[in-house]
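Asker: Given the coordinates of chain A, work out where chain B should sit on it, guided by the hints.
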Amino acid sequence: MDSLKKTPLYDTHVKLGGKMVDFGGWALPVQYSSILEEHKAVRERAGLFDVSHMGEIFVEGKDAFSFLQHMVTNDLTSMTENRCRYSPMCYENGGTVDDILVYKFSDTRYLLVVNASNTDKDYEWLVKNSAGFDVKLENQSASWAQLALQGPKFMEVLNKLNVEGEIPAKNYTFNPEIKLNSVPCLVSRTGYTGEDGVEIYCKAEYGERIHEMLMEAGKDIGMLPCGLGARDTLRFEASMPLYGHEITADITPKEAGLGFAIKLNKEEFIGKEALMEEPKRVRIGLKLIDKGIAREHYDVYVGDKLVGFTTSGGIAPTVGGNLAMALVCTCVKDEQIFEIEVRNKRLKAEKVALPFYKR
Amino acid sequence: MTPTDRKYTKEHEWLLIEGNTVKIGITDHAQEALGEIVFVELPGVGDEFEIGDSFATVESVKAASSIYTAAKGKVIEINEKLDAEPEAINQDAYANYLVVMEFSEIDESQLMSAAEYDEFVKSEE
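Residue numbers (this note's numbering), protein chains in the order written: chain A, 1 to 359; chain B, 1 to 125.
A couple of the hints might just be wrong.
What the hints assert, rightly or not - Within a straight-line C-alpha distance of at most 30 angstroms, the following computed DSS-like cross-link-like pairs (lysine-lysine) qualify:
| # | chain 1 | residue 1 | chain 2 | residue 2 |
| --- | --- | --- | --- | --- |
| 1 | A | K348 | B | K62 |
| 2 | A | K19 | B | K74 |
| 3 | B | K74 | B | K10 |
| 4 | B | K10 | A | K5 |
| 5 | B | K23 | A | K40 |
| 6 | A | K345 | B | K81 |
| 7 | B | K62 | A | K121 |
| 8 | B | K62 | A | K5 |
| 9 | A | K15 | B | K81 |
| 10 | B | K7 | A | K305 |
| 11 | A | K219 | B | K62 |
| 12 | B | K62 | A | K6 |
| 13 | A | K291 | B | K72 |
| 14 | A | K5 | B | K74 |
| 15 | A | K291 | B | K122 |
| 16 | A | K40 | B | K81 |
| 17 | B | K72 | B | K122 |
| 18 | B | K72 | A | K345 |
| 19 | B | K62 | A | K291 |
| 20 | B | K7 | A | K19 |
| 21 | A | K345 | B | K62 |
| 22 | A | K19 | B | K81 |
| 23 | B | K122 | A | K345 |
| 24 | B | K23 | A | K291 |
| 25 | B | K122 | A | K6 |
| 26 | A | K348 | B | K7 |
| 27 | A | K287 | B | K62 |
| 28 | A | K287 | B | K81 |
| 29 | A | K358 | A | K40 |
Note that these hints are calculated values from the structure, not bench results.
Bound conformation, chain A alone (with noise of 0.2 angstroms):
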């Protein structure tokens, strides 16, 4: 564990009694107190999340907003200031480098939140591909904190802390200059759970005091702490897709089905030529119908022929079941019956539409 990269919040975590454990590098907890139950109180209360290791970058200069409509496959014209938008971001190839969120502060001025083991990479791929362009990348990861407060009683909690009004009604906006309590911090309306909530950065000194005062403020409601096994159990319940699973190198964002984020109609961007290309595999749901749990990379038959393999996989705390994401060849889209090869053993499984979960 010594050799492992800490959060800010690393004693607290130590001090709620988390389990830590060695996520991409990082000491972070997979729960406190149980994975299910934490995953219950975000769906139907509130929970705290430590994101902290994802990656911040800034992007600065003239040429801000050009640079980023070049290297993400979304389209960021629309967007106006205090807005955040999701996007894939492509190899030449359609490969997906990472899946990024693009806070706007300006048109010279934006900030990506990139996935914690991708940000070296993504800072790389970045300054690489800013020839030419007059931008200013800075990677700021390790002087941010950021939390994640999520569940249907967010605002519950964040109204103790005298900010009624501030709080982005939006989803997908921001407010960059709130005070939780006189400790200054950025608040989106963002999350990766399938519930209503918000994300909170601050700089890495306050993060141990921001966390402190939700716990306390939402301790009337019965907030938990929550450990990176509930952000996993929940996001897959909402079919989120995570970097790595969903998406690789290896995997473009249509094939994950990520397609409302590909905006081929702007001029240009990395992988567009790619991405203008029918996808031969696509993402699905699958429930299984035999007893059995599919995780991550099972080949995937129909009848005899192998069609694809689950890029996720477990149990669905919420909505019940053993579920899997799976890629499949766009050529069984229709089938109905799949079967999953779970250690050496074909499962029946049944195609189920996705998201598994929705608020």
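Answerer: Below, chain B without anything else, positioned relative to chain A:
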């Protein structure tokens, strides 16, 4: 407390030997490390295994873990209760065995006493 009536493996299984049969389960440390157990895949009665074979899979919310046998032999009983209540292992790992095997061979040199196992767990942390 780690029960002293049985032996332990480095893979965190326990073996309770009674005559020519052995009950096999996973240790409290193992269930704690796995987290909430949601599914247990057991072999069939009559299945035969060699020492070191994986004979069962315990699935927690997070992951699937193979369980190995330190005994060579034939399964004569499985703990059917785990089908409906896999979480029983979380509640009491030593009271909830996975299988009973009739064994022909056990490599005792690889097994630890309760005290030795506790030391081993400490050294792994």
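Asker: None of the hints should be skipped; say for each whether it holds.
Answerer: Now the hints, each set against the structure:
no., hint, verdict
1, K348(A) - K62(B), "holds, 22 angstroms"
2, K19(A) - K74(B), "violated, 37 angstroms"
3, K74(B) - K10(B), "holds, 22 angstroms"
4, K10(B) - K5(A), "holds, 28 angstroms"
5, K23(B) - K40(A), "violated, 36 angstroms"
6, K345(A) - K81(B), "holds, 22 angstroms"
7, K62(B) - K121(A), "holds, 27 angstroms"
8, K62(B) - K5(A), "holds, 22 angstroms"
9, K15(A) - K81(B), "violated, 37 angstroms"
10, K7(B) - K305(A), "violated, 46 angstroms"
11, K219(A) - K62(B), "holds, 27 angstroms"
12, K62(B) - K6(A), "holds, 22 angstroms"
13, K291(A) - K72(B), "holds, 28 angstroms"
14, K5(A) - K74(B), "violated, 47 angstroms"
15, K291(A) - K122(B), "violated, 36 angstroms"
16, K40(A) - K81(B), "holds, 26 angstroms"
17, K72(B) - K122(B), "holds, 29 angstroms"
18, K72(B) - K345(A), "holds, 23 angstroms"
19, K62(B) - K291(A), "holds, 17 angstroms"
20, K7(B) - K19(A), "holds, 27 angstroms"
21, K345(A) - K62(B), "holds, 21 angstroms"
22, K19(A) - K81(B), "holds, 28 angstroms"
23, K122(B) - K345(A), "violated, 37 angstroms"
24, K23(B) - K291(A), "holds, 25 angstroms"
25, K122(B) - K6(A), "holds, 23 angstroms"
26, K348(A) - K7(B), "violated, 39 angstroms"
27, K287(A) - K62(B), "holds, 18 angstroms"
28, K287(A) - K81(B), "holds, 24 angstroms"
29, K358(A) - K40(A), "holds, 14 angstroms"
Against the hints set out earlier in the document, violations occur for numbers 2, 5, 9, 10, 14, 15, 23 and 26.
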